[in-house]
Amino acid sequence: MKRKFEHPAPSEREQLTGPRYWRSLDEAAATPGFRAQLEREFPEGADTLDGVDRRHFMKIMAASFALGGVGVAGCRRPEKFILPYGKSVEGVVPGLPSYYATAMPVRKWAVPLLAETHQGRPTKLEGNPTYEAHGGSASLAAQASILELYDPERATAHTKAGAPITREQVDQLLASIAQNHAATQGAGLAFLAEESSSPTRRRLVAALRAKFPRSVWAEYEPVADEAPVAAAQAAFGAAVRPIYHFAKAKRIVSIDADFLQGEAGSLAHARGFSAGRRVTKKGDPMNRLYAVESGLTLTGSMADHRLRLATSHMLSFAARLAAATMQGVLEELSKHTVGADIASPWINECANDLLAHKGQALVVAGAHLPAEVHAVVHGINAAIGAIGQTVEFVPAETTPGVSTISALATAIKGGAVKTLVVLGGNPAYNAPADLDWANLQKAVPEVVRVGYYVDETSAANTPATTQILRAHYLESWGDARTQDGTVVPVQPMILPLFGGLTDLEILARLAGDRNTDPYALVAATITGLAGAGANTEKTMARFLHDGLLARSAPRPVTVRFNFGGVKQLLGSPKPAVQLSAGNLEVRFVADHRVDDGRYANNGWLQECPDPITKISWDNAILISPRLARDLGVKHSGSMIQVARAEEAEFTMGKENAPVFELTVGNRKVRGPVHIQPGLANYTVIVPLGYGRTVTGNVGKGAGFNAYLARASDGLHTATGATLTATGERRLLANTQEHWSMEGRDIIREANFEGANSYQENPAYVNTIGMESHAPSNIGKVGEKMTPQERATLIPRGNSLYSTPKFDGHHQWGMSIDLNTCIGCNACVVACQAENNIPIVGKEQVLRGREMHWIRIDRYYSDGTIDDRAMADLFGGEKSGNRDLPEEPQISLQPMTCVHCELAPCETVCPVNATVHDDEGLNTMAYNRCIGTRYCANNCPYKVRRFNFFDWNQRKLDELYLGQLAEFGTPELVKMAKNPEVTVRMRGVMEKCTYCVQRVQNGKIQHKVKMAREGKPGDVKVPDGTIKVACEQTCPVGAITFGDILDPNSAVSKAKAREQDYAVLGYLNIRPRTTYSGKLRNPNPKMPDYKALPHSRTEYDRKNVPQVHGHGGHDHPAPGATKKGGH
Amino acid sequence: MGHAPEHTSAAPAILAEVKPAHLPRATLVENDRSFSWITEKICGIIEGKTPTWWWVCFILACFVASFTVAGITYLVITGVGVWGHANPVNWAWDIVNFVFWIGIGHAGTLISAILCLLRQKWRTSINRAAEAMTIFAVVCAAIFPVFHVGRVWYAWYLFPIPNSNVIWQNFRSPLEWDVFAVSTYGTVSVLFWYVGLLPDLAVLRDRFFVAGNKVRSFLYGLFALGWRGSNRHWSNYEMAYIILAGISTPLVLSVHTIVSFDFAVSLLPGWHTTIFPPYFVAGAIFSGFGMVLTLMLPLRAIYGLQDLITQYHIDCMCKITLATGTIVGYAYGMEFFIAWYGANPYEGFAFINRAFGHYAWAYWIMIGCNVITPQFFWFKKIRENTSLVWILSIFVNVGMWFERFVIIVTSLARDFLPSSWGYYSPSIVEIFTFFGTFGVFSVLFLLFIRFLPVMPMAELKAVTPQADVHGGHGHAEPKH
Amino acid sequence: MSKLFPKSANTLPFQIVVYLVVLAGIATAGVTYYMTPKYTRVGYAPVQPVPFSHAKHVQEVGLDCRYCHSNVDKSGHSNIPTAQTCMNCHSVVKANSPLLAPVRESAEKGTPVPWVWIHTTPDYAYFNHAAHVNRGVSCVECHGKVNEMDVVSHTKPLSMAFCIECHRDPAARLRDPKDVFNLNSPRLADQGADGAKKAAGFVHDWKVMPPQSCSGCHR
Amino acid sequence: MAVQPYGLIATFKTAPDLYHAAEQVRDAGYRHWDCITPFPVHGLDKAMGLKRSIVPRISLAGGITGFITGMTMIWWTGQIDYPLIVGGKPLFSPMFAFPVSYELTILFTAFATIGGMLLLNGLPRHYHPVLKYDHIVRGMDDTFFIVIEARDPRFNVANTKALLEKIGGASVTELEP
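Protein chains in written order, with my numbering: chain A, 312 to 1437; chain B, -2 to 477; chain C, 163 to 381; chain D, 6 to 182.
Source of the hints: derived by calculation from the structure; they are not laboratory data.
Nothing here was measured: the structure is a model prediction, and the numbers come from that model.
Hints may contain errors.
[Unchecked claim] Below, in silico cross-link-like pairs of lysine-lysine (PhoX-like), each with a Cα-Cα straight-line distance of 20 Å or less: (1) A:Lys646 - A:Lys878; (2) A:Lys391 - C:Lys369; (3) B:Lys211 - B:Lys46; (4) C:Lys369 - A:Lys1320; (5) A:Lys1091 - A:Lys1116; (6) C:Lys360 - A:Lys1326; (7) C:Lys369 - A:Lys1116; (8) A:Lys1331 - C:Lys369; (9) C:Lys256 - B:Lys211; (10) C:Lys169 - D:Lys166; (11) A:Lys1320 - C:Lys340; (12) B:Lys211 - D:Lys137; (13) A:Lys1326 - C:Lys369.
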């Protein structure tokens, strides 16, 4: 098939294809604009540092973007082109990824990251292991932020009054602002900025304030994630902030604090907490967590003792606890406990437990709580000897003379503001409703808005607004501090795709700084921080290589607690509000996924279900079962209640939630109501960040905007609210319809100590489930084998069939520790990013077609399940199956393909599209799959996912148009794909592959290395070199993957634990992923002590006849009497 | 059969005394109709000019059939997503309809094959139509498994064709067994049917030639393969026919057994049951006879075939329906017993959930139609009231559809992990697609009754008294 | 009816059968040709923007494969040399030959030379060069005797069957690691009497166990 | 035309008539003769002295071929050509190979049976002298014929005609080839 070659000019060829971005075009390098851009971004000169080297490389990289478009020629295959670099690039090997350190700034802290780039295209973010506090883990938001970089709906141009303007005009504008206000020392010049921990920004702001002393610098964050310094100021007389060491804490009391997920430094906290939580062998200690909450947070879900209490009563609680732990404060504090009735035994026993662990206990209070509570908590920590042990204090960095948004608002009202610079944020959307910011902003003659998206704020008063494109952090030079104050670099992985600017550049320009190159700005700061006489080049090289500046964290200071200050702060006592259905308390919380709304247009986050409610693409007004009963929110169950009643009404499998109107003061919002077990009876939880009006198609129309009900006087909590039914309904995309484990042996739990506890029988998991009273699946022969032999010989047990051997060099396996998993969802999105998993949109999630390869199952249990499914036939309304738990215990379980050795899915595939390989992987050949979906039916874990539509090629709102819909993926979205993983088409099945691409590449790299070192026979990959995506990002190290042929590998050790078990093991499918049973560590002295975990009680009621009189005669488990129960 | 040779050598005179009417079995062709009457009657249907009602039905049927065509086209250009499927219910109406239609098909083969083996002569009047029904039902059934796959253009992966990927099929998969079972079933049914048609095609060939319609005569002739009623042919022919009947019987049993394996071989509670094969086969016969009644009774009325499809036939079919219906009922009960006796909580829940869970409505419809309805056939009064029989037969069809729905959907909707429990509801597309298949079936059936003899003339003649060489001429002059 | 069917009609069935057989034969042949390895793009030899002759560079100049394809033993991709690499010599040799214009342009502007892609696998199949060339699989096994080609052409089918063939019996095709880039070298197995033994030894010592199930190539 | 006729054909009204006539033709020792009936007349084979059909043997052969084909195909594809570990099941086992082999058995039996039947009957044969007989139409309907072919050694227009009339055959006619 020879054919005449006519050299198609790339540009022409590209014109034919749809929307594209010049960064991704090979010919772009030639365009003068691009050259100019390069010159501006990267002045010639320091070409030796690796950072700069890479810029140099990126310059050529731009010219090498992938292969040319698809030519028309070719009878069977299209003619494709290979476009090599023009100039060789140091350190870049096409086909091998490169890793660079950077960091994602979040408010006053940052997540240090490693970015994986393929020929200059960042595709995956992972935690930077150099930063011990995080140990290489990354948060949900950090994992998902890569998608934001490639969001086709991000702002793509600087605009004035909506019309695009050039970079030159932007520069002129900034210069003019600087000039115009120079004379008046900045009077009439005002800034509204996001919080930031960037030392460089700090430096620039100082310079700016020095230049414009009369300007206003206000900072605003809609939600708080750090303890107020005022409290420390009162308690210690010093501006300090706490640094917690959860690893050292054996007893923890959380007062409405979600330190595992919601608050600053949560990654470090989770890591520390899990260290104290993990129990690998008998004799290991285990920490105990007391949680006092109004809502149900992830932290609360991990609690051993949980007290449901309205947020507005937290001060009373803190006071009571303080009174029980501190000396001579009783009469003073008892004044502040009026009105709230809290069971004394609970507090006293809790206090005793703390005092019994002096120096090993810790009390934390939620960032949203008033300074009074924090002050008291500081006192308690002092009393229980926590200070200096489990909590240390470092000087808090406070920007001098920083103003608030309310103050700024007054200034604007007074007409004092001529020019307003809004640095990031989105005040028009999330400012307190009483400020009416959108209109306020209109009153300002000149507004310069720096933003990443075109949003509500940029939409307000367009004529006077200049929207300056803000660069994504993966496009920017910058720096930040982690929660413990360590300085980390923010370095670009790719040139600004649309020529955005960083805050630093803008501030520098306004400050009239001559050198506005952000790299130079950062370099200057870092060299400064590194101390006198530091060599800039060397410092930066090290800084960028390590991804952090060693020893840059502030040293802890010693503090002395002084009750007097606290007393002053507390002032005159106010009795706690009495709450009722007519006087509700509202908690405004940052959403688990979209935070305060900043990530609203991120599809991965939107589709990721909330870890507790399991609702995706929406927020809901969460109410307690008690309040639901008062409001008459009911829903029909099944004919007779064969299973526990659903927590919501499901029509056609879709949660059909009633819409209620929430009235706070004189403000009203409407939102769907979702019943949430475990809430304080009369507290209503309202997640913020939804109901965006101006943003991309992803964020628009998702949820309702709770900011509209939020005023300055009640930013976090408000009382006196009411809920009234509207009669409307809204469908919620709930990914988990059923909340109860139905007394099944799926998650096996035991108490840490006491009767039937882990201490008594570390192998308690084997006393639960069908296996416990049935002959062993692997037979006597198998029982005698070592785990290694079992993994290769696959004993047939009592089966008729003999099973083939697995003769691979490795045998892969995984172990998941249910005891440490906190359900943060980071693994879900990490997997999505690594494996090119598409999002499907609300409409499809409603139908149950979400594609996540790993999901986190959340079960509630309260021990009151019916022992007989038919109870209603006799028990009628009395059936425990009819009501929802008010005090649930939560059990979380990450569930993904467990790679069964005797995989049921394989047996039924007619075309051999899913088979086993010799290393125990349950493989999936997409190109062989014809999509009978039989495998998915036969999978007992229901972890297989089917491409019902062409998710990747069609717009989510045009799925049903079929061929009529526009075909193809936007260039920008393509750039986010992992080149090592096939992008699946419509009609094929997919599922977790144990990150086969990482396994294979790991093996190959090792073989290549060994072959070069002359040890070609050594083909075994050392343990730990291959990490799967979910394992890699898990903050609590709950997931372990590796070679189970090697008895010393981490995974073999994990599987060797006595509490290791296989979910549904009785099916004899022999999953390669096994779980470590969950432990609870309740205090026997506590009033709410339970001798058995609820889920275990439910299991016994269902399966062990002797537990109740009449014996579950639906399905008695005979052996259970002997071994099943106790 | 027949008499011993030494009798035959005896003088006809003696035989003249014998009256076949005295034979203690019901006459299958009543009123002593003659051979030519049968020929006239049956060929008449084809030769007479097309009745208006036929055109009306035909056009209507085509319209209905177009729903399937449209539904399938939309499905293929868009994706399986247009159906209501989702995790955890990855099979629903598609497989329900497949099993439903296959089940219906089985009666046809059974009637003609098993009854033929058992020398049940009453089959002769219905077997042709029954076989046709089988074939058309299989056509309708085949639509679903073929188009329910995600990438139908790769469906050829299901057949062992050598290709550049050197990869073969997984013969452990019941679905692969299905491929062979259903295609074999289709092929053998068609052959069986065609062999039966041979002599009658010859008749039509000749009659149309005499009538001067060369074209149709040629067409019928082409397929008659030059049949000339030679007795040397008849002897091979009869032998072949009996053998085909012989193999069709185990075939039909195996086909539905294998269909039931699709479920029995899996490990899902509610599917993983050893009782399935017999239970499915019984169900198939049950639904099949239901459908035969549904189709034959109107046909009988329209064409006035009361003399050929006698009350005796209807009676037999009602009794079989009653028997199989009761077997099915027993299976339902047994499932519950085993679920309880097996003491597997997952299994136990699956069945209680079936009866009282979210899909209870479907379950009780099933019980009502499949267990209660046939019990009416205990009463002769009801068996004799054709219109009532017809209505009941429709209930049977509905009930059997729901049986498959209950088995497939309820088991999938709530299986092992409560976290993945769900609820399935069909989309308008699959409802229309299913609805359309009745059109497809009707179109084919209408064409059949218009262009092919609805009853095997040769066989009918063979069972008339005067066909008996030892007393046939005892009937002096059969009236015309 | 025989008045309808002439005597000749009796041969009709036989004829039909014959025709069917012939037809089926043709169809099968076509399908086989289209679906079996033989018909991939064997023989595909497009004209390249620069008429680069491997024969000249390898046989006359004596370059090693890795001079240009410098990452073939490090990375999964075997890289096409950058214009800069070409210019190492061609800034002196044939410094201003019109044929080399695209290379010179590329070298100074940074715009790539659009070489036409010849040897390729489908997007869902992941072939890794490093894994092969470092473990005794020579270039020639998949690319043919490129060292003798003036115009590179596609000589092996590179279909799944082709890959599997070798993965099932690596011993028959392995070379001594130092011969991997010498396209004229003999396979171990072909080296006389003890060749087979050598090959077997290699497979054993190097623990050569090429994957034969999906995960090897499909991800 | 004075060509040798194909044979003689005689008409009979009822099945019994034919039956007895056939017995006599048989006894007369003719071999190349045949009865034309609209339906299979029971006992006529015996009356004509026909041997039992050999179709069953052909069917049996077909069945065996089918079963072996199935088993071999599954064994070869699964165990020899491309062994893959599927659900931890053996590479080959007669158990899971049975259903498919079973179906193939039946399929091949059916083909063999029908093929054999047509072969033995020499069908398809659209042209046949008998079919040229004007009244043959009735033969498919309600009349019976006996045809004695000219190639029979005992055939002799006169005698054979006589025999046919003797045994009650009406309107005895010569059939042109």
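Evaluated hints:
| no. | hint | verdict |
| --- | --- | --- |
| 1 | A:Lys646 - A:Lys878 | holds, 11 Å |
| 2 | A:Lys391 - C:Lys369 | violated, 37 Å |
| 3 | B:Lys211 - B:Lys46 | holds, 17 Å |
| 4 | C:Lys369 - A:Lys1320 | holds, 15 Å |
| 5 | A:Lys1091 - A:Lys1116 | holds, 18 Å |
| 6 | C:Lys360 - A:Lys1326 | holds, 18 Å |
| 7 | C:Lys369 - A:Lys1116 | holds, 18 Å |
| 8 | A:Lys1331 - C:Lys369 | holds, 10 Å |
| 9 | C:Lys256 - B:Lys211 | violated, 84 Å |
| 10 | C:Lys169 - D:Lys166 | violated, 27 Å |
| 11 | A:Lys1320 - C:Lys340 | holds, 16 Å |
| 12 | B:Lys211 - D:Lys137 | holds, 15 Å |
| 13 | A:Lys1326 - C:Lys369 | holds, 11 Å |
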